[in-house]
Amino acid sequence: MSQHYPALLVIVPLLSAFLISAAGWLNKRLCFPIAVAALSVACFSSVLLLFQVLDEKVVLYKLGGWSPPWGIAYSVDYLNGLVLVVVSVVALLNLIATQRNVEQEFSEKIGAFYTLYILFVTGLLGIVVTGDAFNLYVLLEIASLTGYGLIAMGENRAPLATLNYLYMGTIGASFYLLGIGYLYIVTGSLNMADISAILPSLYHSKTVLAAFVICIVGVWLKMAFFPLHAWLPNAYTYAPSAVSSLIAPLMTKVIIYVMIRLMLTVFTPKYIFSTLNVSDSIVWIAVIAIVMGAILALGQRNLKKMLAYIIVAEVGYMVGGAWLGNRAGMTGAILHIANDALMTLCVFLVVGNIVYKVKGYAFEDLKGLFRKMPFTMGAFVVGAMSIIGVPPTCGFFSKWYLISGAIQAGHYGFMVALLFSSLVNVILFFRVIEISYYEPFENHHGQESHPGKIAEAPLTMLVPLLIVAAGLVVVGVYTGDIVNHIIEFAIPKGIV
Amino acid sequence: METITSIKPLLAVLVSLCVVPLLMSSRSPNVREAWTFVAASAKFLIVASMLPVVFNGFEIVYTVAEVIPGVAIKFRVDALGMLFALVSSSLWIVTSVYSIGYMRGLKEHSQTRYFCFFALALSATIGVAFSANLLTLYLFYEMLSFATYPLVTHHQDEEARSSGRKYLLYIVGTSIGFVLPAMLISYNLSGTLEFSRQGFLAGTGSRGLTGVLLVLIVFGFAKAAIMPFHSWLPAAMVAPTPVSALLHAVAVVKVGVFSVVRVLTGVFGINLLISFDFGPFIIFVASATILVGSFIALSQDNLKRLLAFSTIAQLSYIVLGVGLLSPQGMTGGMVHIAMHAFGKITLFFCAGAIFVATGKRNISEMIGIGRRMPVTMTAFFIASLSITGLPPCGGFISKWYLVLGSLQAHQMPVLFVLLVSSLLNAAYFMPIVYKAFFCTPQEAMFEKGVKEAPAFCVVPLVITALISMVLLFYPQPFFGLADMMVKSITGG
Chain D
595 MSQHYPALLV
605 IVPLLSAFLI
615 SAAGWLNKRL
625 CFPIAVAALS
635 VACFSSVLLL
645 FQVLDEKVVL
655 YKLGGWSPPW
665 GIAYSVDYLN
675 GLVLVVVSVV
685 ALLNLIATQR
695 NVEQEFSEKI
705 GAFYTLYILF
715 VTGLLGIVVT
725 GDAFNLYVLL
735 EIASLTGYGL
745 IAMGENRAPL
755 ATLNYLYMGT
765 IGASFYLLGI
775 GYLYIVTGSL
785 NMADISAILP
795 SLYHSKTVLA
805 AFVICIVGVW
815 LKMAFFPLHA
825 WLPNAYTYAP
835 SAVSSLIAPL
845 MTKVIIYVMI
855 RLMLTVFTPK
865 YIFSTLNVSD
875 SIVWIAVIAI
885 VMGAILALGQ
895 RNLKKMLAYI
905 IVAEVGYMVG
915 GAWLGNRAGM
925 TGAILHIAND
935 ALMTLCVFLV
945 VGNIVYKVKG
955 YAFEDLKGLF
965 RKMPFTMGAF
975 VVGAMSIIGV
985 PPTCGFFSKW
995 YLISGAIQAG
1005 HYGFMVALLF
1015 SSLVNVILFF
1025 RVIEISYYEP
1035 FENHHGQESH
1045 PGKIAEAPLT
1055 MLVPLLIVAA
1065 GLVVVGVYTG
1075 DIVNHIIEFA
1085 IPKGIV
Chain G
-15 METITSIKPL
-5 LAVLVSLCVV
5 PLLMSSRSPN
15 VREAWTFVAA
25 SAKFLIVASM
35 LPVVFNGFEI
45 VYTVAEVIPG
55 VAIKFRVDAL
65 GMLFALVSSS
75 LWIVTSVYSI
85 GYMRGLKEHS
95 QTRYFCFFAL
105 ALSATIGVAF
115 SANLLTLYLF
125 YEMLSFATYP
135 LVTHHQDEEA
145 RSSGRKYLLY
155 IVGTSIGFVL
165 PAMLISYNLS
175 GTLEFSRQGF
185 LAGTGSRGLT
195 GVLLVLIVFG
205 FAKAAIMPFH
215 SWLPAAMVAP
225 TPVSALLHAV
235 AVVKVGVFSV
245 VRVLTGVFGI
255 NLLISFDFGP
265 FIIFVASATI
275 LVGSFIALSQ
285 DNLKRLLAFS
295 TIAQLSYIVL
305 GVGLLSPQGM
315 TGGMVHIAMH
325 AFGKITLFFC
335 AGAIFVATGK
345 RNISEMIGIG
355 RRMPVTMTAF
365 FIASLSITGL
375 PPCGGFISKW
385 YLVLGSLQAH
395 QMPVLFVLLV
405 SSLLNAAYFM
415 PIVYKAFFCT
425 PQEAMFEKGV
435 KEAPAFCVVP
445 LVITALISMV
455 LLFYPQPFFG
465 LADMMVKSIT
475 GG
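Respectively, the protein sequence lines represent chains D and G. Counting from 595, one number per residue, gives the positions in the first sequence under this note's numbering. Counting from -15, one number per residue, gives the positions in the second sequence under this note's numbering.
Hints listed in this document are in silico derivations from the structure and should not be mistaken for laboratory results. Treat the hints loosely; a few may be bogus.
[What the hints assert, rightly or not] Below 27 Å or equal to it, Euclidean Cα-Cα: the simulated BS3-like pairs (lysine-lysine) are:
1) D/K966 / G/K91
2) D/K951 / D/K966
3) G/K150 / D/K961
4) D/K800 / D/K899
5) D/K1087 / D/K651
6) D/K622 / D/K703
7) D/K953 / D/K899
8) G/K(-8) / D/K1047
9) G/K471 / G/K(-8)
10) D/K651 / D/K864
11) D/K961 / G/K91
12) G/K435 / G/K91
In isolation and in its complexed conformation, chain D is listed as follows (with noise of 0.2 Å):
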């Protein structure tokens, strides 16, 4: 049983979704059982997967016994081992949050949604799991394609962002297979282990340097790093909350994953970091990422909106600490990819929890909210705390690693931009602090006591989403282990 860890974690959930999809024409209160079921056991199975990689460092994987490079062959190491976890963790925790948003926006499509739920989510960790470049881009598509049916299904103006990112999508993955195509014209592979293996005396050829512009051009509009950013914001914005809530943490963030095993597997750091000479250029450009995120952030007056402005900003954060080119910036972009999937996924979940009790999220709608919903409110300050990157939040902890990585690259823009986006955080989320706790403005002097009712979102939404506020804590606080014991191993020691 033990050794199949890594298929079960993509089987039991694609199996699962055609099951979702035939309970639903039975009796609707059968998905979302079926679902937790399914994504309990790739949870299960991935945080299992992790204690083994902690033993066995490599977890390799042959699908139908064919061996590599002609087989599909899942390779998990500390890298991927975390991100698993990641996301089969948050996608169970939204899931059971959300349930009661799901019925109340679209009871009559209970069965679709939570196959597309599931099969979104057997996309993503397929593409985490996977050791073959190919294949990747197989999972990357029932991903995406899955992600584009979930955004459509919001209101309003949600079909024509659907529309937006779906051509902007296409375009990214096709960049991808096209990069994976020309590595395979001049190495003849198409498994992660075993172009690098080839590609060293390919170092110098024109096709190389082609395929990987190409590729990281085509994971950079997927994971909608700036200026390819247009897509997310209003796809994120108009998204129904279950789904807002799923997409925004882990989509972005595994992306950033397939990004840095490009860089650290298939082209390897000697490649990217001594052969070609653009590590400075992309930081710079991850600085504009940062700073323009955080500007256009500000312009927003809508919470979701802002929320998604964020995201644009924190990819910068991750792609530029992924290029510094040293050890800590590295660990600082691995660590932010946990951190910001848990942050993102506590944001998100109190926008749901909003919208179940007051059915709108723009600024307006947000007054007397810590009167009503002192609870979730509390989870969101948390939130905020790990955004702007306060201690002892998970997030002050990644960002500690990106300054230093900034600092010992000599980068100081990149150092300015953290710091000016941490300030940033501060206004952005002290604004919508402000509106929800001041206004409406009442006379409170001489007043004893306030009848002040509470209106909570129900505890099924609510407990899920104090676990994991009090998860930002938690793992702020144990991050040294998580470094120590993980980030130490996945990143090769020839980067210092």
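Dock chain G against the given chain D, drawing on the hints supplied.
Quick look at chain G alone, frame taken from chain D:
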């Protein structure tokens, strides 16, 4: 110095954190306040129980978790931290009594929230006092910034909102903009953040870089209200008076000064500051703040704003004392943490008691108030003597040592600053006291007859005023702790 591992510092921090759920779930105000007292007393007892150990020359350490290679969330109790923790934990008890009188007297709203965040703020304060490294200090410093925001903006009106913005802008803006990069650069220079007696930056960077770090740190801890980063403090006076009293005369502002002192002694180290000759810069910044703050205080009519500017000036005495880099100057500066705390909290208590009893905030409306509230105004007089630095009050000792210290350091201009500042202190306090007691019957703004604020308000201010006086004759344990600390960092 020998160390003992004990969980007590962590308990001292956690005790007020743990009481928050109890406060929130209390059904009646009396139960809630009872829990506040339990927490305050427990905190004080835990802190006090470590005092003999510290006096015997031991340091108490406790490591929570290593979060970054070489840097842990870690506590260390030494003489300086002990001094500050004793002051703030003992005054929390007194302030809790006062809070009951004040908040109930004015029938304030959201009292549960108020007591919860007060407890949180005290946790953070003790955390800062017992921090063993810069990261832990920063953690609790930020926690304090955010925990005090709902206290400052308690009234939830337009004025509170704009003051709250200013408060966050200055305090969080400087800590993220200045302290965080300074901390990271220091870490990358030396590989550690642990405070040490010689300072961990010694011998790591050039004079220029060290100078930049020094500027970032001195101004970055804006809670110390060193000009030009001071104007959050007068703005924060919209808070209820007990908040101004404990937080903006003791906890928050002293956390700022304490952090500056801690970093000057534990990160840079006295020897490094002497060898790079950074003393004059610190003295200049502190002196400018003292003089300008006192001059602005002269022109204030709102009593709490006057006290705020007086606090800005007095805080810089502490920075000045350490900036003198002479043993007696440093002792004077550190003792001033305690002396100023007891004096200034009394003054704020008095301002609050006047507001509760008469509804007056402005000095021009307080003519003749001494006859109506004799106990309050007598306490006010005693405390203002202490702040001015005159016997028979504790403030005399710290000022005396500052004078000795400036002689020791051969800094004659500092003597002039101290002299002018004392005159200014007298010039803005004494007219208030004079007008309160000695005015013609025509001038008096109050009817005859004694009518004090509720006993919950008056008793605490009498206690703190008496302690201010006692401290001149018996300045222990504060003086002993400051002395120990100075001896350990100068190696004397």
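Hint by hint, here is what the structure shows:
| no. | hint | result |
| --- | --- | --- |
| 1 | D/K966 / G/K91 | holds, 22 Å |
| 2 | D/K951 / D/K966 | holds, 10 Å |
| 3 | G/K150 / D/K961 | holds, 21 Å |
| 4 | D/K800 / D/K899 | violated, 41 Å |
| 5 | D/K1087 / D/K651 | holds, 14 Å |
| 6 | D/K622 / D/K703 | holds, 9 Å |
| 7 | D/K953 / D/K899 | holds, 16 Å |
| 8 | G/K(-8) / D/K1047 | violated, 40 Å |
| 9 | G/K471 / G/K(-8) | holds, 25 Å |
| 10 | D/K651 / D/K864 | holds, 22 Å |
| 11 | D/K961 / G/K91 | holds, 25 Å |
| 12 | G/K435 / G/K91 | holds, 19 Å |
Comparing the model with each earlier hint shows violations of hints 4, 8; every other hint is respected.
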